[in-house]
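Enquirer: Can you build the whole structure from these sequences, using the hints too?
Note that the sequence shown covers residues 0 to 252 in numbering that gives the first Met the number 0.
Keep in mind that the hints were calculated from the coordinates and are not lab data. All of these numbers come straight from a predicted model, not from anything done at the bench. Don't take each hint at face value.
As the list claims (entries may be wrong) - Derived pair list, reagent style DSS-like, types lysine-lysine, alpha-carbon separation capped at 30 Å:
| hint | residue 1 | residue 2 |
| --- | --- | --- |
| 1 | K243 | K118 |
| 2 | K85 | K118 |
| 3 | K85 | K117 |
| 4 | K243 | K117 |
| 5 | K244 | K85 |
| 6 | K236 | K85 |
| 7 | K104 | K118 |
| 8 | K243 | K104 |
| 9 | K117 | K104 |
| 10 | K85 | K104 |
| 11 | K243 | K85 |
| 12 | K104 | K236 |
| 13 | K117 | K244 |
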Amino acid sequence: MQRSWFLIMGLLTLTFSACATQNVPERLPVYFGVDKELLTNSTGDSLPREAVMAGFVVMNDTTYPDSAPALSDEGLERFSQRLQAKLSNDFPITIVNVIDSPQFKQGQHSRQFVQLAKKEGLDYLLLALVSSVENEVPDQFSFQGGRGGLGGGRGRVLGFRAENYALVELALVHGTTGQPVVHANGSAWSVLERLNVPIASNVFPVVRRDVTQAPIYPSEETAYDVLRLVSADDAMKQALLHFKKAWRQEPSS
Numbered sequence: 000m001q002r003s004w005f006l007i008m009g010l011l012t013l014t015f016s017a018c019a020t021q022n023v024p025e026r027l028p029v030y031f032g033v034d035k036e037l038l039t040n041s042t043g044d045s046l047p048r049e050a051v052m053a054g055f056v057v058m059n060d061t062t063y064p065d066s067a068p069a070l071s072d073e074g075l076e077r078f079s080q081r082l083q084a085k086l087s088n089d090f091p092i093t094i095v096n097v098i099d100s101p102q103f104k105q106g107q108h109s110r111q112f113v114q115l116a117k118k119e120g121l122d123y124l125l126l127a128l129v130s131s132v133e134n135e136v137p138d139q140f141s142f143q144g145g146r147g148g149l150g151g152g153r154g155r156v157l158g159f160r161a162e163n164y165a166l167v168e169l170a171l172v173h174g175t176t177g178q179p180v181v182h183a184n185g186s187a188w189s190v191l192e193r194l195n196v197p198i199a200s201n202v203f204p205v206v207r208r209d210v211t212q213a214p215i216y217p218s219e220e221t222a223y224d225v226l227r228l229v230s231a232d233d234a235m236k237q238a239l240l241h242f243k244k245a246w247r248q249e250p251s252s
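Expert: Listed below in structure tokens is the structure:
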């Protein structure tokens, strides 16, 4: 029976690994009512050259059919605070208002952004949208932590491996036109390894990124939220790098 379990896990792990390059679909274009190419091509025409005053909006989109569950309220707040600090420190942006839970609708085009900016008395809106997809399969690990081989069960414990793929989309939107003038994305992934048996352990559950970064050991209760927050934070860092590059572009002629 155990041998059959390991065989099933091996097949599922191989299938899961084949999807390791899974992409998260962009969600911001659906709120502008345009396709990805139109949104990308609309940026770079009116880049601000002086400090801007902006309202700050963070959304955790879960409307895609295969979306992972949303971050907890605490996790989203931590994400928002970190992003706000980075934007204020690294860009000529002064965030004058944090706008909670705006009722943006998909396919409503840019007018909903114009309406919000007018209501709040803002020249710009700074949008940040985080989303992710997630998969989980059976796996096996050594007692000391880390994945074991596919054969044999000696010194192994059974568990599950969840991979989260996150996307962070940033856009500075002009309050008069409702069009994005700076737009950039970032993506990242992280892995959660957890046991499926009630064994006391100081190495499980564990959230891993790449081998250059130390693992994180969350509690059982917060493991999935930490998984999603780690991916979102890393995707945010990449998005900020791309955002900075786009900000420095010369206006189109």
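Enquirer: Each hint needs a verdict: does it hold in this structure or not?
Expert: How the hints compare with the structure:
| no. | hint | verdict |
| --- | --- | --- |
| 1 | K243 to K118 | holds (28 Å) |
| 2 | K85 to K118 | holds (26 Å) |
| 3 | K85 to K117 | holds (26 Å) |
| 4 | K243 to K117 | holds (27 Å) |
| 5 | K244 to K85 | holds (15 Å) |
| 6 | K236 to K85 | holds (9 Å) |
| 7 | K104 to K118 | holds (17 Å) |
| 8 | K243 to K104 | holds (28 Å) |
| 9 | K117 to K104 | holds (17 Å) |
| 10 | K85 to K104 | holds (27 Å) |
| 11 | K243 to K85 | holds (11 Å) |
| 12 | K104 to K236 | holds (27 Å) |
| 13 | K117 to K244 | holds (29 Å) |
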